[in-house]
Amino acid sequence: MEDLRDAEGTRGTLAGRHVLALRQALSSRLQALGVRQPEQAARMVEAHWHGLVLQWGLGGTGSLCRWMAAGLADVLDLLGVEPE
1272 MEDLRDAEGT
1282 RGTLAGRHVL
1292 ALRQALSSRL
1302 QALGVRQPEQ
1312 AARMVEAHWH
1322 GLVLQWGLGG
1332 TGSLCRWMAA
1342 GLADVLDLLG
1352 VEPE
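Take the sequence shown: its letter number 67 is residue 1338 in the numbering used here, and every next letter is one higher.
Careful, some of the hints might be misleading.
Okay, the calculated beta carbon distance ranges per label pair [as the list claims (entries may be wrong)]:
id, residue 1, residue 2, range
1, E1310, A1344, 33 to 43 Å
2, A1303, L1349, 25 to 35 Å
3, G1287, L1325, 16 to 26 Å
4, D1345, Q1308, 12 to 22 Å
5, T1332, E1310, 30 to 40 Å
6, E1353, A1296, 10 to 20 Å
7, D1348, T1284, 16 to 26 Å
Hint data in this document are derived by calculation from the structure and do not stem from the laboratory. From a predicted model like this one, the values you see are computed outputs, not experimental measurements. Here a beta-carbon is modelled for each residue, glycine too, at the ideal position from N, C-alpha and C.
Turn these sequences into a full structure, and let the hints steer you where they fit.
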């Protein structure tokens, strides 16, 4: 984790840019779908995504793709977003 948190290091810079781009893309998409507080919702979806990967790795069933799709569908449902 130290490498990811090190803003001066290459990994930290690349990871930081990736996270920022991901959050901005999620926020824009969620805003277009009418979600209130899209920036906050984007952080929640991102956190849920990372949690799902960890859950699957520690004992999830089936493929990672199906596990992620089901878990993300749950969080989007809570946000009132209909999957496309």
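Each hint, compared with the structure:
no.: 1; hint: E1310 - A1344: 33 to 43 Å; result: violated (22 Å)
no.: 2; hint: A1303 - L1349: 25 to 35 Å; result: violated (18 Å)
no.: 3; hint: G1287 - L1325: 16 to 26 Å; result: holds (21 Å)
no.: 4; hint: D1345 - Q1308: 12 to 22 Å; result: holds (19 Å)
no.: 5; hint: T1332 - E1310: 30 to 40 Å; result: holds (33 Å)
no.: 6; hint: E1353 - A1296: 10 to 20 Å; result: holds (19 Å)
no.: 7; hint: D1348 - T1284: 16 to 26 Å; result: violated (35 Å)
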